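Using the sequences and the accompanying hints, generate a full structural model.
Protein chains: 8
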Amino acid sequence: MELNVYLAGQIHDDWRETLKQKASKKDLPIHFFEPMTNHDRSDNIGEEILGEQPNAIFKDEAASAFNNLRTNVLMQKADVVLALFGDQYKQWNAAMDVGAATALNKPLILVRPESLHHPSKEMANQAQVVVNDLDQAIEALAYIFQNE
Amino acid sequence: MELNVYLAGQIHDDWRETLKQKASKKDLPIHFFEPMTNHDRSDNIGEEILGEQPNAIFKDEAASAFNNLRTNVLMQKADVVLALFGDQYKQWNAAMDVGAATALNKPLILVRPESLHHPSKEMANQAQVVVNDLDQAIEALAYIFQNE
Amino acid sequence: MELNVYLAGQIHDDWRETLKQKASKKDLPIHFFEPMTNHDRSDNIGEEILGEQPNAIFKDEAASAFNNLRTNVLMQKADVVLALFGDQYKQWNAAMDVGAATALNKPLILVRPESLHHPSKEMANQAQVVVNDLDQAIEALAYIFQNE
Amino acid sequence: MELNVYLAGQIHDDWRETLKQKASKKDLPIHFFEPMTNHDRSDNIGEEILGEQPNAIFKDEAASAFNNLRTNVLMQKADVVLALFGDQYKQWNAAMDVGAATALNKPLILVRPESLHHPSKEMANQAQVVVNDLDQAIEALAYIFQNE
Amino acid sequence: MELNVYLAGQIHDDWRETLKQKASKKDLPIHFFEPMTNHDRSDNIGEEILGEQPNAIFKDEAASAFNNLRTNVLMQKADVVLALFGDQYKQWNAAMDVGAATALNKPLILVRPESLHHPSKEMANQAQVVVNDLDQAIEALAYIFQNE
Amino acid sequence: MELNVYLAGQIHDDWRETLKQKASKKDLPIHFFEPMTNHDRSDNIGEEILGEQPNAIFKDEAASAFNNLRTNVLMQKADVVLALFGDQYKQWNAAMDVGAATALNKPLILVRPESLHHPSKEMANQAQVVVNDLDQAIEALAYIFQNE
Amino acid sequence: MELNVYLAGQIHDDWRETLKQKASKKDLPIHFFEPMTNHDRSDNIGEEILGEQPNAIFKDEAASAFNNLRTNVLMQKADVVLALFGDQYKQWNAAMDVGAATALNKPLILVRPESLHHPSKEMANQAQVVVNDLDQAIEALAYIFQNE
Amino acid sequence: MELNVYLAGQIHDDWRETLKQKASKKDLPIHFFEPMTNHDRSDNIGEEILGEQPNAIFKDEAASAFNNLRTNVLMQKADVVLALFGDQYKQWNAAMDVGAATALNKPLILVRPESLHHPSKEMANQAQVVVNDLDQAIEALAYIFQNE
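Chains as they are written, first to last, in this note's numbering: chain A, 1 to 148; chain B, 1 to 148; chain C, 1 to 148; chain D, 1 to 148; chain E, 1 to 148; chain F, 1 to 148; chain G, 1 to 148; chain H, 1 to 148.
Hints listed in this document are in silico derivations from the structure and should not be mistaken for laboratory results. Keep in mind that this is a model prediction, so the values were computed, not measured. Mixed in with the good hints, there may be bad ones.
[To be verified] Here are some chain H residues pointing at chain G (derived, C-beta under 7 Å): (1) Q76; (2) D79; (3) H118; (4) V129; (5) E139; (6) A140; (7) Y143; (8) E148.
[Unchecked claim] Mimicking DSS-like on lysine-lysine, the simulated pairs with C-alpha atoms at most 30 Å apart in a straight line are: (9) K77/F / K90/F; (10) K77/H / K77/D; (11) K77/D / K90/D; (12) K77/H / K77/A; (13) K26/H / K77/G; (14) K26/G / K20/D; (15) K77/G / K22/G; (16) K77/F / K25/E; (17) K90/D / K77/A.
From the three backbone atoms N, C-alpha and C, an ideal C-beta is built for every residue, glycine too.
Right, dumping it as structure tokens:
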């Protein structure tokens, strides 16, 4: 059995690479899907494809259309969604992914430092599991495959 | 025809009362549903019902269970979801409601000041309509009922 | 038993009034839902609510968001969708409504003059019934209520 | 990861071949599905299989049944639907495919020249992304696979 | 609480009136929905609305479109489907209704004389309850409302 | 707003009456649905309607068909499911109702004494809220209606 | 692309082998799924697995449970359902499969001799295509794969 | 064709190994999925990943979150669910799996000794097939693959 896992969350640092290396060390048969993690490209993809837009709002609208195309395709292929929250940025699209995943009955692993327990409490309650860091997240994924 | 509209968003001020008065002035046949808007009670409802919890994290988990019970029941009865975002608070549960509403094919009205266009761009793209303030939101709702 | 019927199709003449009068003469217990039939307002609703847009394309995008909000709400409440096609205008949004209605398992009555049988053939095949004019459409609706 | 993409739209010229060559140049792991693109055969398939029909309307009904069998099977297997519109033909079945795809939560790429923005505005609003030509469409598909 | 019950089965005798009288005697709050029970009209409704068809096959196709419009609308409104089978006629459309009802998760009451147990065995296994006659069917419906 | 609440659980004592009285004291606009709570009748309903069965196993199969007809109809009409567990009886059908309710996205209130936390732990995790007794359950239901 | 096709219909002769040979000659990449076609075994499978049953009705109930397990698993895996009807036997389970397939949005090919057009008319109307014999059915399946 | 089968039920003895050996002897192309069958690890997995919890109730809540993550992922991948019940333990999570499987339209094989027919009667009625032991269960699975 192989699993597809979509990695929702901020794209300002390389936490996804860290997670993938941890999964690789445990030989977990997981395909990780992710949003565009080049932050500048994610912001500019609308104008890159469609050309210059009238103002910053329309530039954002254009970019988000292509980013959501990607997210929607990949989330439909995912067996599990893992969403990471930190103490920087608004991370509203990650929270939106949490809502979509649970409404679509995709089991969700929520990763957040304990210090964020209060603002994330309704998300935590909807998640299937809540963990504090990437090591615990990998253990949760590994547990699905373990037999003893 | 009557509509049920769920009002997602922060519960720190009385924006829902403002909106309901605007709807009332226009005689719109709308039933508004909302989360517990007494902020203290929303935070304490877990311990109010279940008694003292071991620590703040478990207090939050207990409270969010009852808050999500309310949200899940009311969102399933809603024909339209209206979500308001402002520049204060993390508002992750409102963003989660956005994701759930769109995944459940509930038409979504997103209300946010233009200044927040960048962090809300993926939510804006998933929403059916995006408006800047409550007056525009009421006009959007009213348009559903107007014939000329 | 009462039925909700959504009336998809062009908004350049008053065919919906004609249909509603025919239904009224037969005392059919039907609530008819419809798009904004004031054509100018339908085209301008985006700028009416959101203010002036950068160009005609963005004006159209803004208007269609509010028009689709209305259509999506009303189609979800409909028990039957009736879509009328004529020989003027592109009528792509009516054809889109046909696709959405059949994908949502809403029984569809397609009304088109026989002369249009070739371009409408795939829509006709997806429809539950195909009729040539509004009199036949009313007979189809009336048949649902008749007992002998 | 591989994707299945259904190519909706007119079958009077070879735009699908052009698109497939562009995808092939970029080595995109995409399986393209399409309707019968031999226009005469598409019109005659009903009589080809079932024999002569009473008149042109029944010939069309017979043909569209087999064409829709094909479309329904292929669209259910598609991860993404790409629909192209031009300034010729009514293209109602392509618009119907747009409605079906969005109702089935299939992410939709709408391709249309800017000149058609007005009649396609409600379809554009329902689409996940709207682009002006096939080069932009390929860039949208490629973006799903790119990591930086 | 009130229930909507769709009465599937042959339309050659007045078994539905018998059933409705039994329900009426017990004051059950049930709305019964049914197909057109005037057999001749059911066979002729296609030509009645659309005019003469090329041959008997097309006459049947036209009639069944209007009959299925009615069935599809009413079955979607039903809380329970009751399907009666007897030893005359092929009753394929009633059997089709059984398949549709169970696939749509509509609880199904199958009524058939014991003598037909062999040909109805797969339908019986898919039904929620199987009874031998209309008196037992009414008892099954009544049981839903009884408290002691 | 009114709510329909299905009361799953054992039928050996009158806990449902106790709960309904508590709801009545608080004037909650709730319609409670429940299984047949006359235990003997619940066990005998199969033979009551269908006549004597070959042995105890077939008697049980016959009875459960009518009991499940009732449960399936009522659970589909429920907005919330409340399931009570105690320390007597196997209560497998109540646990089955828990699984069905959560799979159908019906918000679930689980009521069990704390002493049963270990055997009920997977059910507790799937439930929206877990409470220890009927007073807490009523508070949870009341919270859905309260505004401050 | 490969397709899974479930072959519903009577199991008294070897029409499925005939069909599979025709598909094989055309090298169609189709996996055919089918019910148990050994008629005696299909009737006896309940007692074969569970032992002797009290009477013929219970023997049938036992057999149909295992036959429906098979049908339900295979129909869920099918991309297309092909149902054949002839002039012998009641064929109610095949008609039930027609209803289930269309309710599950599985494209359906109905095969029946023209002489049966009247009793099959409602099924014919729900089917995606209707053909007269197995040669036409194979042409319909082949058309899904053909490009010119 | 290969099948995925989820094995629900108690984890106190090695009945799953017995079943898998029986399937292996018959060369059935089945992938068996199962919960964590190391009972101690299943109870402790919450604290193993998240660290010590405040008390036994929270330890159970933590463990069940990871156990349900596993169950939810695997049940969604299953074509068939097999649930075994015995006369020891409460087995409420297995009964919950029965409810979830049937609500998700996963065909269910219920295995229970005849002596348990009374408490399992509502589950038995919802199951697709009911058998008495693992040998009969294997025969039921094998029957799906057999052609004569």
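So, going through the hints one by one against the coordinates:
no.: 1; hint: Q76; in the structure: violated (13 Å)
no.: 2; hint: D79; in the structure: holds (6 Å)
no.: 3; hint: H118; in the structure: violated (18 Å)
no.: 4; hint: V129; in the structure: holds (5 Å)
no.: 5; hint: E139; in the structure: holds (5 Å)
no.: 6; hint: A140; in the structure: holds (6 Å)
no.: 7; hint: Y143; in the structure: holds (6 Å)
no.: 8; hint: E148; in the structure: holds (5 Å)
no.: 9; hint: K77/F / K90/F; in the structure: holds (26 Å)
no.: 10; hint: K77/H / K77/D; in the structure: holds (18 Å)
no.: 11; hint: K77/D / K90/D; in the structure: holds (26 Å)
no.: 12; hint: K77/H / K77/A; in the structure: holds (12 Å)
no.: 13; hint: K26/H / K77/G; in the structure: holds (22 Å)
no.: 14; hint: K26/G / K20/D; in the structure: holds (26 Å)
no.: 15; hint: K77/G / K22/G; in the structure: holds (22 Å)
no.: 16; hint: K77/F / K25/E; in the structure: holds (25 Å)
no.: 17; hint: K90/D / K77/A; in the structure: violated (34 Å)
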